[in-house]
Amino acid sequence: MADEVKLYGFRGSPYGCRVEIALNLKGIEYEFIQEDLSDKSADLIKYNPVHKKIPVLMHNGKPISESLVVVEYIDDVWKGVPILPRDAHEKARARFWAKFIDDKCIPAVFKALGSHGQEQAVAEAQEQLQFLENELKGNKFFGGDNINLVDISATYLAYWLGGAEEAIGIKVLTKDKFPKLTEWCENFVNCQTVKDTLIPREILVAFYKKRFGKA
Amino acid sequence: MGGSEVVLLDFWPSMFGMRVRIALAEKGIEYEYKEQDLGNKSPLLLEMNPIHKKIPVLIHKGKPISESCIIVQYIDETWNDKSPLMPSDPSVRAQARFWADYVDKKVYETSKKIWTLKGEEHENAKKEFIEILKVLEGQIGEKPYFMGESFGYADIALVTFYCWFYTFETLGNFSIEKECPKLIAWAKRCMQRESVSKTLPDSKKIYDFFIEMKTKLGHVDMRHVLKVESFGSFEGDVFLEPCQLVRIRY
Numbered sequence: 001m002a003d004e005v006k007l008y009g010f011r012g013s014p015y016g017c018r019v020e021i022a023l024n025l026k027g028i029e030y031e032f033i034q035e036d037l038s039d040k041s042a043d044l045i046k047y048n049p050v051h052k053k054i055p056v057l058m059h060n061g062k063p064i065s066e067s068l069v070v071v072e073y074i075d076d077v078w079k080g081v082p083i084l085p086r087d088a089h090e091k092a093r094a095r096f097w098a099k100f101i102d103d104k105c106i107p108a109v110f111k112a113l114g115s116h117g118q119e120q121a122v123a124e125a126q127e128q129l130q131f132l133e134n135e136l137k138g139n140k141f142f143g144g145d146n147i148n149l150v151d152i153s154a155t156y157l158a159y160w161l162g163g164a165e166e167a168i169g170i171k172v173l174t175k176d177k178f179p180k181l182t183e184w185c186e187n188f189v190n191c192q193t194v195k196d197t198l199i200p201r202e203i204l205v206a207f208y209k210k211r212f213g214k215a
Numbered sequence: 001m002g003g004s005e006v007v008l009l010d011f012w013p014s015m016f017g018m019r020v021r022i023a024l025a026e027k028g029i030e031y032e033y034k035e036q037d038l039g040n041k042s043p044l045l046l047e048m049n050p051i052h053k054k055i056p057v058l059i060h061k062g063k064p065i066s067e068s069c070i071i072v073q074y075i076d077e078t079w080n081d082k083s084p085l086m087p088s089d090p091s092v093r094a095q096a097r098f099w100a101d102y103v104d105k106k107v108y109e110t111s112k113k114i115w116t117l118k119g120e121e122h123e124n125a126k127k128e129f130i131e132i133l134k135v136l137e138g139q140i141g142e143k144p145y146f147m148g149e150s151f152g153y154a155d156i157a158l159v160t161f162y163c164w165f166y167t168f169e170t171l172g173n174f175s176i177e178k179e180c181p182k183l184i185a186w187a188k189r190c191m192q193r194e195s196v197s198k199t200l201p202d203s204k205k206i207y208d209f210f211i212e213m214k215t216k217l218g219h220v221d222m223r224h225v226l227k228v229e230s231f232g233s234f235e236g237d238v239f240l241e242p243c244q245l246v247r248i249r250y
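Heads up: the protein sequence lines correspond to chains A and B, in order. Numbers 1 to 215, taken from the working numbering, label the letters of the first sequence in order. Numbers 1 to 250, taken from the working numbering, label the letters of the second sequence in order.
Careful, some of the hints might be misleading.
To be verified - Taking lysine-lysine pairs in the DSS-like style, the calculated list, with each CA pair at most 27 Å apart, reads: (1) B:K61 x A:K111; (2) B:K34 x B:K112; (3) A:K40 x B:K134; (4) B:K188 x B:K178; (5) A:K62 x B:K143; (6) B:K105 x B:K53; (7) B:K134 x B:K182; (8) A:K79 x A:K99; (9) A:K62 x B:K178; (10) B:K105 x A:K53; (11) B:K34 x A:K99; (12) A:K52 x B:K53; (13) B:K106 x A:K53; (14) B:K205 x B:K53; (15) B:K204 x A:K180; (16) B:K188 x A:K111; (17) B:K204 x B:K112; (18) A:K104 x B:K105; (19) B:K178 x B:K106; (20) B:K188 x B:K134; (21) B:K112 x A:K99; (22) A:K99 x B:K178; (23) A:K46 x B:K127; (24) B:K198 x B:K54; (25) A:K111 x A:K46; (26) A:K111 x B:K143; (27) A:K104 x B:K106; (28) B:K61 x B:K41; (29) A:K52 x B:K143; (30) B:K182 x A:K52.
These are calculated hints, taken from the structure and not from any lab test. Since this is a predicted model, take the numbers as computed values, not measurements.
Chain A extracted, bound-state conformation (with noise of 0.2 Å):
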């Protein structure tokens, strides 16, 4: 029997577009369906009763939702390209890596963008990035020659905050500081597993530029 996948998301979501980079990496077929963020359908209620946020993916009738948890999934059950390391230890620290750019990395550039480059926000944000920079270790990506659960989760920083940062007028990730970062960034964007996930530049930089108030 075929299997059913569906995505429930929201095109221009940094976290549904880690599903769909794992999804494609898998080669998996799936039905995207669009969410419309101030009016949720019941089914994302019922399927994400608890957060109530997308992205949501729904394989034969099970969801499963939290885009990393999601991400871990798809590598579960899927066999192919792998997105996690399978060493015991490489895996736990693909997955420190993860939980760094969720719990502190995105924070404090949100926090920087928030602020519209505050120097005290934007200099913690650029000390989280560091931690990032020497990371990468020369290697093109996070994973190595391909990419990795922790390139997948910094999916935002590759695409999303260059489109703020254009928007604000603030430069957070820059080339100066940052250079191993900002070539994985345009690696990242290039990867035929990323490039259609993405939204259209000017529609992320439109979006920013309503949000912070930069119209």
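Based on the hints, put chain B in the right spot on chain A.
Quick look at chain B alone, frame taken from chain A:
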């Protein structure tokens, strides 16, 4: 460094450290426990967790693993010959991860609000905390454990907060058992497992530690208190500071 293959850098009252201790006990793993002084962090801790500088850190054959839930999964994957902690079915496993993630995102931060905020914000924090516990209680439902018949990862993520409940209840002047009886029943069921009962410190000991910590941080001038009782009923309790409750007998 010594010859121990498995070393745990930890701090005895930490509910995060306790998760790792339970996992190690479930698997019957021998390890060297190294108590950390968090006010004066050891070179070893700083070397093994340079990013967060936090406990717990598991060091296995010289390699460090940090973040309690990540360590528990590592333990399960590495010592996979007995006592599985993760469900075998991938979708149930995803649910276990979801609930551990929920505990991580909600329980600690909200409980902290109970002892750091005052007045209306404190009351709101209590309500929020109870709501979160009710969601967790609802998930357990009529099952013995979070994911069904077997004790595992999601249970480990939450049960270590059980020894801190007395402290939260005392600070907030409320009873978790009254609000969430099934959750307490689940916790007591977990406590019947040796890995849990031997790991979780006594609730009163945790409370005494908390009072001592708050005093050291200068939140209460203990010189003005003639006698502090850590036991007894809630009557006659006084808030000296927004984040501390002591029972005063004159």
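**Study point:** Structure versus earlier hints - violations, ascending order
**Key:** As far as the earlier hints go, 1, 9, 12, 15, 16, 22, 25, 26 are violated by this structure, in ascending order.
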